[in-house]
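There are 2 protein chains.
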Amino acid sequence: MKIAIYGYGNLGRGVEAAASQNKDITLTGVFTRRAPESIASVSGVPVYAAENVRDHRADIDVLIICCGSATDLPQLTPALAAQFNVVDSFDTHARIPAHHAAVDAAAKGSGHIALIAAGWDPGLFSISRLYAAAVLPEGKDYTFWGKGVSQGHSEAIRHIPGVLDARSYTIPLQDAMDRVRAGEMPELKPGEKHRRACYVAVEEEADRGAIAAAIQAMPNYFAGYDTSVAFVSPEELRKEHGRLPHGGSVIRTGITGAGHSQRIEFALELASNPEFTASVLVAGARAIHRMAARGVRGCVTMFDIPPADLISLSGEELRATLL
Amino acid sequence: MKIAIYGYGNLGRGVEAAASQNKDITLTGVFTRRAPESIASVSGVPVYAAENVRDHRADIDVLIICCGSATDLPQLTPALAAQFNVVDSFDTHARIPAHHAAVDAAAKGSGHIALIAAGWDPGLFSISRLYAAAVLPEGKDYTFWGKGVSQGHSEAIRHIPGVLDARSYTIPLQDAMDRVRAGEMPELKPGEKHRRACYVAVEEEADRGAIAAAIQAMPNYFAGYDTSVAFVSPEELRKEHGRLPHGGSVIRTGITGAGHSQRIEFALELASNPEFTASVLVAGARAIHRMAARGVRGCVTMFDIPPADLISLSGEELRATLL
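Line order of the protein sequences matches chains A and B. Its first residue numbered 0, the first sequence is counted upward by one per residue in numbering that gives the first Met the number 0. Its first residue numbered 0, the second sequence is counted upward by one per residue in numbering that gives the first Met the number 0.
Derived from the structure by calculation, the hints contain no laboratory data. Among the hints, a few may not be true.
Since copy identity is lost for identical chains, a pair holds within one copy or between any two.
[Stated by the list, open to error] Derived lysine to aspartate or glutamate pairs resembling DMTMM-like cross-links, with alpha carbons at most 25 angstroms apart:
(1) K1 x E137
(2) K146 x D164
(3) K146 x D174
(4) K146 x E268
(5) K146 x E183
(6) K139 x E315
(7) K22 x E316
(8) K107 x E315
(9) K139 x E316
(10) K188 x E316
(11) K139 x D23
(12) K22 x E315
(13) K107 x E316
(14) K22 x D140
My request is simple: use the sequences and hints to build the entire structure.
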């Protein structure tokens, strides 16, 4: 099967790397909204102007859209689903129902299939929540993130005057995880599950105290969390905090029968968040290509994909080796 | 939807308890090969003779077969799939392809759907191996079991002359798990992943040393493993080792892009192995009832079930709450 990448940042380069690990998948092109002649792909695959993507339809079974959820995907995914089978990693949880509706209408109207919200959260974490809830209906689930770089929180700090660059880590609180694992099913506010550690490079004359206070008071991002702020040089920030690790865990505990406590846990530890997300997108592309061949149309999520469709092995091979 | 239980041991009673936790599911009967008048169900649901199960077809959307894999299920599941939509927990990994073929022929011949090998291993562990392998094709997975009671190993000890009763625990080796988690991808023989701890009650005049030696030398069960044997009284065995806890973890590490190490881990800690397995069977029954309504026929495994089919929530509810 032939895939192409739309949007060539960290995530797009991750898809390029993931495609090379899957022998049944050929990457036929990268589409960029920047000047294509200014960009060389890592693998040497051709780089084209995004506006010409329609001209390449014969070479694209599935188009993987590697753009941001805030403003790009709400426009791009429905527009591209009118012309292609598409995959995106839309991750604004609260807006997923609206995004699903828009993409579903576009894909059904054009006879295509679209997979939205693929990745790990939403994505593998969502599936884990679903399996656990289906098996333990009398229970409670908790999602912990980190330790990892939160790109949205890092970006929020960069908007503060005097800040040159910043990295914000989300760190789960061990005590909260221990209580959840023990089956206590506690009620936990967001700030009781995680703390945040920020590394910030500022202009020389900046008021460090005022910047730290501004970070710690920022609503929706840092207020309500135990937030540490350390000031470092731009060089140290690049050198010590230039990677994008992440991870976390989904834990559900529940009760069966005469009070037996049962625990289900799914955990990720990722050296590269964008490369892992990209690996999920590529497996998702394989799945919707197969589902399209079976006549499935419209917008789906990973909840709708039979696991077997994600992997290159046949049903016989799967039953003999992985079951 | 209406389900019934075929076979009323630990697993069957677990299904009875799980059904009571799912409001969309009604348990209509228990079928036993023992004398039905000698058995009272825990919930008060009627107990019938297994040989009369066909007479109750109108009250059974899905029949959950709660019998053993060694000799019962290879006969029973194909026979019952010729009359009902069925679920089983067939767990002899090496014989799954043959079981699948037999059940598939029976179910397709009669226009039914059958889910085999549901539970946690095979079952949720299998799905975890599949998702992890699909996302990290350049990697290696490991399954650790325990700490938990291995019923097959306990039974093997009971066959030794002089043994009254026994319990064998499978315990994962922490050092092996640590190496796997660190991404070393070691080659590990079975005895390098687990040890076994046996608690054995024997006749008064029994030769304890000979029994311990016989256990430790038993091929396919204990030979090749670090196996401890402790002799306890029948009372202590019942009191201290009368429960059926189990669990374990599936861990896959892999490499993406320019050498980034990624880890996926799925773990269970179960106070009751049969009740948890039963909870998976009930969710599986819901799924195949829906798949049957969509026209799916033949034998499936959990690899073939879209996760959304396992849970009572609608697609809209799932996208709004769990995605």
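Legend entry - Numbered hints the structure breaks, given as an ascending list: none
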